[in-house]
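Following the hints, complete the assembly by docking chain B onto the known chain A.
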Amino acid sequence: MRTLIKPRDSVIWIDWKLLYQYRDLLGLWIKRDIASKYRQTLLGPLWFVFQPLMTALVFVVIFSKGLRLSTDGVPAALFYLTGLIVWNYVSQCLNSTSMTLVAHSGLFKKVFFPRLILPFSYCLSSLVSMGIQSGVLAVFYLYFMSQGAETRPDAVVLFLPLLVIQLVFLSFGLGLWIAALTVKYRDFHHVWSLISPLWLYATPVSYPLSAIPSDWQWVIKLNPLTMIVEGFRLGILGAGTFTMADWLPSVAFTLIISLSGTLMFQTVERNSVDSI
Amino acid sequence: MLIPSDKNVRVRAQGLSKWYFSQRKNRSSIQDAFREHWNRLCRRQMAEVVGESAKPPRQGPFEGTLWAVKDLSFDIKKGEVLGLVGANGAGKSTLVRLLSRLTDPSSGEAWVEGKVASVLEVGSGFHPDLSVRENALLNGVFLGMRKNEVQDRMGEILEFSHLKELHSVPVKKLSQGMQYRLAVSVALHSHADFLLLDEVLESADRDFELRCSERVQKEQERGKSFLFVSHNINQIMLFCSRLLWLNEGACKMEGTPETVLEAYLN
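Protein chains in written order, with the working numbering: chain A, 1 to 276; chain B, 1001 to 1266.
Chain A with its partners taken away, still in its complex shape (with noise of 0.2 Å):
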């Protein structure tokens, strides 16, 4: 095996043979990532359980008895938690993702490896508190059963581990996409933090997407996480609109941002290191 030192081409493709090569990395940095959280924390994984009960009793409290809203009629409890475990993913993903280059830079200056392996690492780790906060939403669905509720499982509900993967890779795109532009200009921080309020109402995670009139449906749908949303809603509370006409174009989006996304995120990572 020979190690080449050479001028850079002006786009870096991804190196699969080097990926492969530091697969141990995923594992380690996953598990360093978990261990840093909870240590010297009082109530360690709790935290991941307080938080959407929380937002969706306050979700509840506006949303449904406040402006009766609908929620496809499903238990309103259930419906937001739904929807508020596949947001939940996406923030915390994207906040640990996009400060990845900024928070590691100095690791990134001084050890060598694949760099690729710790935005991935971080959403796959993220996966860990979206499966405790599952475990929570099962102890209200068989809560809400036991009470009587006709609330039941669609069949739609085999897609699950392909809208988990696709969830994956769009927070992971969408998180190098941030980095980078981070990197390059910090004045991104600041937009991101607007963007994203406005991103969780442009989603159906307080509303249904059928409560939005069926000739403004389509701006909702433009939306990646919509079909995600919606198909999580559907499978699981078998209360939600989906369609493998809507869900194709998104995931045709998730395949270019994710794509896109670790061209310029090597790229910028490249040239930062430069920068003096």
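Don't read these hints as lab results, they were simulated from the structure. Here the structure is a predicted model, which is why all the values come from computation and not from measurement. Treat the hints with care, since some could be wrong.
As the list claims (entries may be wrong) - Some chain B residues flagged as far from chain A (calculated, every beta-carbon gap over 10 Å): (1) Ser1106; (2) Asp1129; (3) Arg1146.
Claimed, not checked - Here are the simulated BS3-like pairs of lysine-lysine, each with C-alpha atoms no more than 30 Å apart in a straight line: (4) Lys109/A to Lys1173/B; (5) Lys110/A to Lys1147/B; (6) Lys109/A to Lys1070/B; (7) Lys1115/B to Lys1007/B.
For glycine and all other residues, C-beta sits at the position ideal for the given N, C-alpha and C.
Showing chain B alone in chain A's frame:
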């Protein structure tokens, strides 16, 4: 460019250069970026009117270029420890970063036969809350080893760094010197065929220094090569088999440690 191969050579660099543009302002805000784009557009328009070439010379060095490493060609043989000496800012660290693949050369090429690993800073990637053993594992993987390869050598690593009893203690409880010993031990037990050490032994005590030199010698006999950067004359004499003296990014002198050091110190 195709660089000829040689069976006894571990590293071969040919015309390796790295330059930075000191005049070009770093675009730090979106405002600056827009301004630069606007200026460039205006310049292009002007150039079309005047008939000049609008493109600034992007590929080559021009006025205001800062040479960090200038046209370096050298070989490191298998089993050799090449030492780098030179004043601050002579380009030692840039050369180390080039060979570690942390930055790309502006021109020229180099190849390394086999795997490369480098330690530029002790404790990069250490997590203070993780144990000695966990950090050693992570560090080894960062150096390009597989997880089970590090685990196989864990006993040796802990033995070498004299941290065997402390293997489950969080790294933050260790002294600075102990953390140094851990990081260097992992590096010296890595599978890399070419290991770069940039001023990492500066604060080692005499005992650890000698153990390292013994270990390096053993690895040399197996054909491993090293690049060693230090300001410590004793360590240079102890470790290096050949010296390269860098001055303003270029090679000023190359030869045995004795001859180069004599010229360098005077």
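Margin query: Are any of the numbered hints broken by this structure? If so, which, sorted upward?
Written below: When the structure is compared with the hints, numbers 1, 2 and 3 turn out to be violated.
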